[in-house]
Amino acid sequence: MTEARRSQRSIVDIATYTLLIAAIFIWSVPVLWVVMTSLKPRMLIFNSPPTILFLPTFSNYIEALETGGIVKSIINSTIISVFSTLLAVIVAVPAAYAYSRLRFRMRTPLTFYTLLMQMAPPMGLLIPFYFALSKLGLLDTYVGLITIYLTITIPFSIWLLITYFAEIPPELEEAAKIDGATRFQAFLQVVMPLARGGIAVTTIFAFINAWNDFLYAVVLSGPNTQPTTVAIFGFLAAEESRWGPFTATAVMAMGPVVAIALVAQKHIVHGLSLGGVKG
Amino acid sequence: MSDLPSAAPFALPTDPRVRQTKRQRMGVAEERFAWLMISPSLLVLLLVGTLPLAALIAMGLYRIDLIGYRPDGFAGLENYRDMVRDDRFWASVWTMLVYTFTSVFFQLVIGLALAMALFRPLKGQGILRVALLLPMILAPVAVGLTWRTLILTPDYGIIDAFLQMFGLGPYPWLTHPTLALVSVILIHTWQWTPFAFLVFTASLHAMPTEPFEAALIDGAGGWQRFRDITLPLLRPVIVVVIILRTMIAFRAFDAIYSATGGGPGTATEILNLYAYRISFTSLSLGYGAALGTVLLLITLMISWLVFRLRQHNQ
Numbered sequence: 001m002t003e004a005r006r007s008q009r010s011i012v013d014i015a016t017y018t019l020l021i022a023a024i025f026i027w028s029v030p031v032l033w034v035v036m037t038s039l040k041p042r043m044l045i046f047n048s049p050p051t052i053l054f055l056p057t058f059s060n061y062i063e064a065l066e067t068g069g070i071v072k073s074i075i076n077s078t079i080i081s082v083f084s085t086l087l088a089v090i091v092a093v094p095a096a097y098a099y100s101r102l103r104f105r106m107r108t109p110l111t112f113y114t115l116l117m118q119m120a121p122p123m124g125l126l127i128p129f130y131f132a133l134s135k136l137g138l139l140d141t142y143v144g145l146i147t148i149y150l151t152i153t154i155p156f157s158i159w160l161l162i163t164y165f166a167e168i169p170p171e172l173e174e175a176a177k178i179d180g181a182t183r184f185q186a187f188l189q190v191v192m193p194l195a196r197g198g199i200a201v202t203t204i205f206a207f208i209n210a211w212n213d214f215l216y217a218v219v220l221s222g223p224n225t226q227p228t229t230v231a232i233f234g235f236l237a238a239e240e241s242r243w244g245p246f247t248a249t250a251v252m253a254m255g256p257v258v259a260i261a262l263v264a265q266k267h268i269v270h271g272l273s274l275g276g277v278k279g
Numbered sequence: 001m002s003d004l005p006s007a008a009p010f011a012l013p014t015d016p017r018v019r020q021t022k023r024q025r026m027g028v029a030e031e032r033f034a035w036l037m038i039s040p041s042l043l044v045l046l047l048v049g050t051l052p053l054a055a056l057i058a059m060g061l062y063r064i065d066l067i068g069y070r071p072d073g074f075a076g077l078e079n080y081r082d083m084v085r086d087d088r089f090w091a092s093v094w095t096m097l098v099y100t101f102t103s104v105f106f107q108l109v110i111g112l113a114l115a116m117a118l119f120r121p122l123k124g125q126g127i128l129r130v131a132l133l134l135p136m137i138l139a140p141v142a143v144g145l146t147w148r149t150l151i152l153t154p155d156y157g158i159i160d161a162f163l164q165m166f167g168l169g170p171y172p173w174l175t176h177p178t179l180a181l182v183s184v185i186l187i188h189t190w191q192w193t194p195f196a197f198l199v200f201t202a203s204l205h206a207m208p209t210e211p212f213e214a215a216l217i218d219g220a221g222g223w224q225r226f227r228d229i230t231l232p233l234l235r236p237v238i239v240v241v242i243i244l245r246t247m248i249a250f251r252a253f254d255a256i257y258s259a260t261g262g263g264p265g266t267a268t269e270i271l272n273l274y275a276y277r278i279s280f281t282s283l284s285l286g287y288g289a290a291l292g293t294v295l296l297l298i299t300l301m302i303s304w305l306v307f308r309l310r311q312h313n314q
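Residue numbers (my numbering), protein chains in the order written: chain D, 1 to 279; chain C, 1 to 314.
Note that these hints are calculated values from the structure, not bench results.
The structure displayed is predicted, hence computed values, not measured ones.
Any given hint might turn out to be false.
Sample of chain D residues facing chain C (criterion: CB under 8 Å; computed from the structure) [stated by the list, open to error]:
{"no.": "1", "residue": "P30"}
{"no.": "2", "residue": "F58"}
{"no.": "3", "residue": "A92"}
{"no.": "4", "residue": "F104"}
{"no.": "5", "residue": "L110"}
{"no.": "6", "residue": "L116"}
{"no.": "7", "residue": "L125"}
{"no.": "8", "residue": "P128"}
{"no.": "9", "residue": "F129"}
{"no.": "10", "residue": "T151"}
{"no.": "11", "residue": "I158"}
{"no.": "12", "residue": "I208"}
{"no.": "13", "residue": "N212"}
{"no.": "14", "residue": "F233"}
{"no.": "15", "residue": "A253"}
Using N, Cα and C, we set each Cβ at its ideal position, and we do this for glycine too.
Modelling step: build the complete structure from the supplied sequences, incorporating the hints.
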C-alpha cells in the first residue's frame, strides 16, 4: 500500500516538474531567442535548423546604433515616460488618499469617473487628440505626448494607490490628530512614509505603461520625439529581414524596463495581482 | 469581503473604521480637505480625458476628411448611417468578438489549470516567476514584431523549426486568413496567460484550508474537491479576471498591428484597427470618431459592469 502510494507520488512529481519546465520553456524561449539572435553573427541567423552554439558578437548592436535614431529614441522615451509618470504620481497620491480614506459627497460617482477614465478606449482619445494637436501645431512635441500619456498614467495610479492606502491602518492618523496634527500633517507625516512602497510600485507601473505605448506614439510623434517602440517598428518596416539589428534594437529598447522589473519582481508580481498592467 | 487579491477597481476600502453612517455629521473640514486633495487630478482628467471624449462624440457628427473631395461640415447621423451599411465595420466587430472571447477563454483555462497543477512546493518556482513576468512587462509592439519574425516566419521561425522535427510544415502562419487570426490570438494568449496564472496562484494561497481538510476526511476525490470547493471559492476572482482581460483584449492594438497589420486583407482587423485605418490612413476623422464612439459605448457598458460588481462585493 505505502509502496504503491510512493510510486504514484513520484509519477505525480515527474508530471508536475515536466509541466513546470514546459511552462518555463514556453514563456522564456521567445524572450531568450531575441537576446540570442541579437548576438548571432549575420550568416548564422537564417540557418535551418537554427544554430544554438555560436561565438557571440556585438556587430548587430553596432549596426543598430549606426542606423541612428535608436539612442535618440531611448532619450525620447525616457523624457516622455519620466515626465508623464512624475506628473501623474504627484496628482494621484493625494487623490487616492482622499478616495480611500475621506468621506465626502460625490465620492462614489467620482470613483466611478476615475474608473471610466482608466477604461476609456485609446482610439477614442487619440482621434480628438490628433485633431487638436495638429490644429495647435503640437504634433511631434514632447508636450503633446506627455499630455496624452497622462490619460493612461493618472487613472491607473489612482486605482493602484487606493488599494495601497487601504492597507494602512487608520488608527495611526487618528493618533496623530489627537496629538494635534492637522489632517494634512497626518497625511504628510504619518501616511506618506508608510505608503512609500506602494508609491514606488505605482511609479514603476506607470513608467512601464508609458514606456511601452505604441499607438499614441506612432500617430502623435515624429522624427523629433519618436520613442523606442516606434523606432523598433520602423526598423522592420524598412527591411523585413534585418533580424540581427532588429533584435539588438529590441534588447536595447526593452532593457530598461526588464532591468527595473527584475530588480523589483516581487513587488511587481504583487502589484499585478492588485491592478494589472495595460495590454 | 474576503482577502482575495482582486484587481484594484474591486478593492476600495471596506474598512468599517473608516466608514461613518449618514446620520453622523459629516465634517465640513473633512469635506473641504477631500476636495482639495482630489481637485488637481480631477482638473487634469477633465482636461485631457473628458474634454477629448466629448470632442470625439461631437466629431462623430461631422464629416472631417483631411484628404478627399467631399467638403467638411456637420453631417448629423450620416456617419452612423454609413456604419450600419458598412460590411467592413460589422466584420471588424465580429473579428473583435472572436479575438476577445477566444483569447480570454484560453488565458483563463490555461492560467487556472497551470495554477492548480503547480500549486505545491516546487523547486524552480522562482525561475517560473521571472519567465512569466517578462512577457507582461514587454511592450506589446515588441512582442508582435518578435512573433512576426523570429517565431512565426515559415521555415525560419522557431515554431516551424520545431514542427519540422516531426516532418510538419512550413505553415503560412500570418498570411493565411484563418491561421493569421489563430496566430494573433496565440500571441495575446501567450503574453497574458501569466497574468491569470499569477492572480489565481495568489488567491489559491489566500484560501482557507479548513474546507479542504474537511473534504479529505469525508473522502472527497481531487476532482470533487476542485469542483465543490476550489471553484466556488475562486468564482469572484474568475469574474474579475474575465472582465479585466476582456477589457484589455478590446483595447488590443499594438501586437496585432505589428504582427499582421490587420491582414491578410481584413482577416485580423478588429474594430480598433479599423477605426485606426479610417482615421489615420484614410484620414476620415469624422467617420473614425463615430467608430471611436462605438468603442466608447462598449467601454461604458463594461465599466458599469465592473462598478456594479465592485459595489456588490462590498
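Structure-based check of all given hints:
For P30 (chain D), the interface hint holds, the least distance from its beta-carbon to any beta-carbon of chain C being 6 Å, beneath 8 Å. Taken as an interface hint, F58 (chain D) does not check out: its beta carbon lies about 19 Å from the nearest beta carbon of chain C, beyond 8 Å. Evaluation of the A92 (chain D) hint against chain C yields a held restraint, the C-beta minimum of about 6 Å falling below 8 Å. Hint status for F104 (chain D): holds, given a least beta-carbon distance of 4 Å to chain C, under 8 Å.
Checking L110 (chain D) against chain C by beta carbon gives a least distance of about 7 Å; that is within 8 Å, so the hint holds. For L116 (chain D), the suggested interface contact is upheld, since its CB lies about 5 Å from the closest CB of chain C, less than 8 Å. With a cut of 8 Å, the hint placing L125 (chain D) at the interface with chain C holds, because the nearest CB-to-CB distance is about 5 Å. With a cut of 8 Å, the hint placing P128 (chain D) at the interface with chain C holds, because the nearest CB-to-CB distance is about 4 Å.
Hint on F129 (chain D) holds. Least Cβ distance to chain C is approximately 6 Å, under the 8 Å limit. A hinted interface residue such as T151 (chain D) counts as satisfied when its beta carbon comes closer than 8 Å to some beta carbon of chain C; here the least separation is about 5 Å, so the hint holds. Among the interface hints, the one on I158 (chain D) holds; its C-beta lies about 6 Å from the nearest C-beta in chain C, closer than the 8 Å criterion. The beta carbon of I208 (chain D) is positioned within 8 Å of a beta carbon in chain C (closest approach about 6 Å), and the interface hint is therefore held.
Look at N212 (chain D): its Cβ gets to within about 4 Å of chain C, closer than 8 Å, so that hint holds up. Here the hint on F233 (chain D) is kept, as its CB sits about 6 Å from the closest CB of chain C, short of 8 Å. Against a cut-off of 8 Å between C-beta atoms, the interface hint on A253 (chain D) holds, since the closest Cβ of chain C lies about 7 Å away.
Consistency note: the structure conflicts with earlier hint 2 alone.
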